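So the sequences go chain by chain: A and B. Here this note's numbering is used: the first residue of the first sequence is 1, the next is one more, and so on. Here this note's numbering is used: the first residue of the second sequence is 1, the next is one more, and so on.
Keep in mind the hints are simulated off the structure, nothing from the lab. Careful: at least some of the hints might be erroneous.
Since the list can't tell identical chains apart, any single copy or any two copies may satisfy a pair.
As the list claims (entries may be wrong) - In silico lysine to aspartate or glutamate, EDC-like type, Cα no more than 20 Å apart, as pairs:
| # | residue 1 | residue 2 |
| --- | --- | --- |
| 1 | Lys359 | Asp113 |
| 2 | Lys252 | Asp107 |
| 3 | Lys215 | Glu95 |
| 4 | Lys311 | Glu31 |
None of the values given here were measured: they were computed from a predicted structure.
2 protein chains.
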Amino acid sequence: MVNLRIPGPTPCPDDVLEAMSGQMINHRGPEFAELIERINAGLKTLFQTEQDVLILTASGTGAMEAAVVNVVSPGDRILNVSIGSFGDRFATIAETYGADVERLAFDWGTAADPDAVAEALERDDAYRAVFITHNETSTGVTNDLEALARACRRVRPDIVIVVDAISSLGSLQCAVDAWDLDVVATGSQKGWMVPPGLAMVSVSERGWKAFDEAKSPRFYFDFGRARDMLTKGQTPWTPAVSIFYALDVALKQLVSDGIEKIVARQRRLGDLTRRGVKSLGLELFADERYASDTVTAVKVPEGVEWPALNKLMREEYQTVLAGGQGKLAGQIFRIGHLGWVSEAELEATIESLRSALAKLGSTEAARAG
Amino acid sequence: MVNLRIPGPTPCPDDVLEAMSGQMINHRGPEFAELIERINAGLKTLFQTEQDVLILTASGTGAMEAAVVNVVSPGDRILNVSIGSFGDRFATIAETYGADVERLAFDWGTAADPDAVAEALERDDAYRAVFITHNETSTGVTNDLEALARACRRVRPDIVIVVDAISSLGSLQCAVDAWDLDVVATGSQKGWMVPPGLAMVSVSERGWKAFDEAKSPRFYFDFGRARDMLTKGQTPWTPAVSIFYALDVALKQLVSDGIEKIVARQRRLGDLTRRGVKSLGLELFADERYASDTVTAVKVPEGVEWPALNKLMREEYQTVLAGGQGKLAGQIFRIGHLGWVSEAELEATIESLRSALAKLGSTEAARAG
């Protein structure tokens, strides 16, 4: 049994995987309408929103692009708050569509400072929207999204707050309506315990107003078409029906657990992972005050090559870790602990790391071992 | 057992559905690289191309949009050859991205005339690309794509030929390289016998040159990123892993059958369906010379309401037909016979129709019955 410890796709429970093998149905018929209505209700509960949640057949990056093209017009001034690779990607997508993006970047491994965001908004009153990553998968940092949103609203009550919540929603506290977030996107392969292929996005009234005004070209990702078809229990284009089956099953479990229990469990899993990593003498990459409860980034210790560690973990310990992305390649590795994961699997991951590092002659691990 | 007779999603064989419930793997690891390489090889065989086939996590409409944004710049003059709803959609997508589209429309139910297409190209030498639907799912007509492509090349040897082959590739003869087609898109939920969620696109050298010059904004659907990542056995964004598993299994069968056998089988299924429909006294919507071997469009007979027929077929005969789209709503219904379908299922469909029409008091069916 492989211990898949990447931050998505995450392993899926047996009943979710079984649902994936359901036979096809008419995506314009009553069975699909019942399915999408039930899923929409479950998503609203976990997004903590009264708004409908749109479902796109795409991965998380598709949802980020959808957020851009439905909110932004070419030339629009956008404040992009980035703390890592995915935050940077959001800016790149907005620039691709002609937005005038101010990149407010914080050191990788740290969280965004709400006061600095507020100051940036004060310096220029032309911003139409602010883009924020909730949980930065590349560095293992969770932004204080509630505080960031509050800081934005203090300066600009009507600014459109667009959130990449791909690796947070369904796992971490993310109260879409209470925190007054406008466009919030997530992906099925993260905390939802479902295979990749669906992206889910909520849109507030303010978000719909921005949609009405936005002039970027859009068709496949058009929120308006998705909203109109959702009222008929359909999607505008043929949906990935099987992944709807899986999401339906996973949502039953997630809704039954409830967001408080899920969040508390994620905190335990995050704590366990961080304590385990430190017990090996390894250093966390993220500022521990903001360390993510869904993914932990660890510095590759002195004297160890990541490719060798990765290979050994895969081949000897059937444990699949994630490497660093972009400028962090070779510098860090990451342990995913979101979705369907047990404390025992995380304990086994730490023990495998202990043994692998000792084999590779890491002094830190040997000292700690 | 439901007889799902819509033109996609089509029913999937048991082993394909079983593959859908495989556990997740690292989409950046060696297992996925082996998987995508094997699938790419199979797709090349069935596309009859030497070019790599890009795989996008999206439905067919996403592939159409991808074809547009990777080939067209705003202001580009495009000739759009339409014989139905999906042909019109292609023009709308191109217009959405700012193309200057000439809509060359043929009567619904007929095929595009190669001479008329050649004349249109002769009238204006500014066309950068021609968009053609191979098999028009909304009307049940298959264009003579080989003749259309030859007519285009005769007038404009270097024009970029972009083909919506969503409901033809893998079912009907579509020799991408031999017919010198440049950008050819299909979707997993059609003849491939796989659930929806993946779109597959081939790009010729001429297509790549157009890509290099095209200035439409693109990110999620960027062909260049997909090409670059394919050389590493990856996709740029998290792929719908489970549907890759299914496509892998289905391709084994399709490649083993071979395109000639598949095409001959589709012809038998098409003939059987058309003969059956006519035996009920019903009228085919399509000009029979160009009637599609993957989907048959049938005129709703006088005195019968499509909603009533649809409901009766669903509830009494467990047979799901497709209605008409756009201006054909209520005027026609459609019988899908692509992907995993047997002659017995089509015979049962005809018999169910005979019985349902008699119950609804259709004089045509009663006379024929």
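Verification of the supplied hints:
no.: 1; hint: Lys359 with Asp113; result: neither (41 Å within a copy, 71 Å between copies)
no.: 2; hint: Lys252 with Asp107; result: neither (39 Å within a copy, 49 Å between copies)
no.: 3; hint: Lys215 with Glu95; result: both (14 Å within a copy, 13 Å between copies)
no.: 4; hint: Lys311 with Glu31; result: between (45 Å within a copy, 13 Å between copies)
In terms of the numbered hints stated before, the structure departs from hints 1, 2, listed from lowest to highest.
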